[in-house]
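*Asks:* Chain residues, written in single-letter form:
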Amino acid sequence: NAGVTQTPKFQVLKTGQSMTLQCAQDMNHEYMSWYRQDPGMGLRLIHYSVGAGITDQGEVPNGYNVSRSTTEDFPLRLLSAAPSQTSVYFCASSRNGGDYGYTFGSGTRLTVV
Amino acid sequence: GQQVMQIPQYQHVQEGEDFTTYCNSSTTLSNIQWYKQRPGGHPVFLIQLVKSGEVKKQKRLTFQFGEAKKNSSLHITATQTTDVGTYFCAGLSGDYKLSFGAGTTVTVRA
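Residue numbers (the working numbering), protein chains in the order written: chain B, 8 to 120; chain S, 7 to 116.
It should be emphasised that the hints constitute simulated quantities derived from the structure, not laboratory data.
Be aware that one or more of the hints could be misleading.
Looking from chain S toward chain B, a few residues come up when the C-beta cut is under 8 angstroms (computed) [to be verified]:
id, residue
1, Val19
2, Tyr28
3, Pro49
4, Ser58
5, Tyr102
Calculated pairs, EDC-like style, for lysine to aspartate or glutamate (alpha carbon to alpha carbon, straight line, at most 20 angstroms) [to be verified]:
id, chain 1, residue 1, chain 2, residue 2
6, S, Lys76, B, Asp33
7, S, Lys65, S, Glu23
8, B, Lys16, B, Asp63
9, S, Lys42, S, Glu73
10, S, Lys65, S, Asp89
11, B, Lys16, B, Glu79
12, S, Lys62, B, Asp45
13, S, Lys103, B, Asp45
14, S, Lys63, S, Glu73
15, B, Lys16, B, Glu37
16, S, Lys63, S, Asp89
17, S, Lys57, S, Glu21
18, S, Lys103, B, Asp63
19, B, Lys16, B, Asp80
20, S, Lys42, B, Asp80
21, S, Lys76, B, Asp80
We treat Cβ as the ideally placed atom computed from N, Cα and C, and that holds for glycine.
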């Protein structure tokens, strides 16, 4: 059981470039979320999904898009990278949104120069 | 929107001592979850509290949910070096958004 797999682990982008952070889970979890972690600010919710075809915005959605075409995959797209998007990004999944907690991936460290 | 505040931000503890970290929400929560993140790692789920006034224990860790379901605490007794890391509380609202506090980063002096 791989759990939640995030790729890539590290990425450097130039301002204005676009890219997709990949997230896949093999636990048949309905709920998936993307967080960014910045020093002293905890984890802030970007977007989340309660099932295939359903997504919604979190606290800091601007500059990011998501889609959920399958239960397994929940990619995060940066449309036009900005230095303010330099952060560590975590994808997480849960069976039912809470009772068993969320399982986190190992993260993607993104630097925008 | 829902805000979850956590104090203190840093906790420096002598090995063997006890400490407590506190979590407060601006709104009533469906449940509260606690996570631990080791340096360089990812958050790992510890426990969930659902009922008003609920208390749960995991070895040296005691978790409590307030009567009004707006606050929670984590108490660690006899701190060990293995307790090093950042402890996050996270509140789950009715729309399934899990909002994290800023975390308490714990360092241990041997």
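*Asks:* If a hint holds in the structure, say so; if it doesn't, say that too.
*Replies:* Comparing the hints with the structure gives:
A least Cβ separation of about 20 angstroms between Val19 of chain S and chain B goes past the 8 angstroms threshold, and the interface hint is therefore violated. With 8 angstroms as the threshold, the beta carbon of Tyr28 of chain S stays out of range of chain B, its nearest partner Cβ sitting at about 14 angstroms, so the hint is violated. Interface restraint check for Pro49 of chain S: the shortest CB-CB distance to chain B comes to about 5 angstroms, inside 8 angstroms, so the restraint holds. Checking Ser58 of chain S against chain B by beta carbon gives a least distance of about 16 angstroms; that is not within 8 angstroms, so the hint is violated.
Taken as an interface hint, Tyr102 of chain S checks out: its beta carbon lies about 4 angstroms from the nearest beta carbon of chain B, inside 8 angstroms. A threshold of 20 angstroms between alpha carbons decides the hint, and for Lys76 of chain S with Asp33 of chain B the separation of about 34 angstroms lies outside it, so the pair is violated. For the suggested pair Lys65 of chain S and Glu23 of chain S, the alpha carbons sit about 15 angstroms apart, so the restraint of at most 20 angstroms is met. For the hint pairing Lys16 of chain B with Asp63 of chain B, the CA-to-CA distance comes to about 25 angstroms; that exceeds 20 angstroms, so the pair is violated.
Taking the CA atoms of Lys42 of chain S and Glu73 of chain S, the gap is near 24 angstroms; set against the 20 angstroms cutoff, the hint is violated. Proposed proximity of Lys65 of chain S and Asp89 of chain S is supported: the alpha carbons are some 12 angstroms apart, at most 20 angstroms. With a C-alpha separation of about 19 angstroms, the suggested pairing of Lys16 of chain B with Glu79 of chain B holds against the 20 angstroms cut-off. Proximity of Lys62 of chain S to Asp45 of chain B is assessed by CA-CA distance (about 30 angstroms); at most 20 angstroms being required, the pair is judged violated.
With a C-alpha separation of about 19 angstroms, the suggested pairing of Lys103 of chain S with Asp45 of chain B holds against the 20 angstroms cut-off. Distance hint between Lys63 of chain S and Glu73 of chain S is fulfilled; the C-alpha atoms sit about 17 angstroms from each other, no more than 20 angstroms. At roughly 24 angstroms between alpha-carbon atoms, Lys16 of chain B and Glu37 of chain B are farther apart than 20 angstroms, so this suggested pair is violated. Of the pairs offered as hints, the one joining Lys63 of chain S and Asp89 of chain S holds, with about 15 angstroms between alpha carbons and a cut-off of 20 angstroms not exceeded.
Proposed proximity of Lys57 of chain S and Glu21 of chain S is contradicted: the alpha carbons are some 32 angstroms apart, above 20 angstroms. At most 20 angstroms may separate the alpha-carbon atoms for a hinted pair to count; Lys103 of chain S and Asp63 of chain B meet this at roughly 9 angstroms. Proposed proximity of Lys16 of chain B and Asp80 of chain B is supported: the alpha carbons are some 17 angstroms apart, at most 20 angstroms. Only pairs whose Cα atoms come within 20 angstroms are accepted, and Lys42 of chain S paired with Asp80 of chain B is rejected, the gap being roughly 25 angstroms.
Distance hint between Lys76 of chain S and Asp80 of chain B is unfulfilled; the C-alpha atoms sit about 33 angstroms from each other, more than 20 angstroms.
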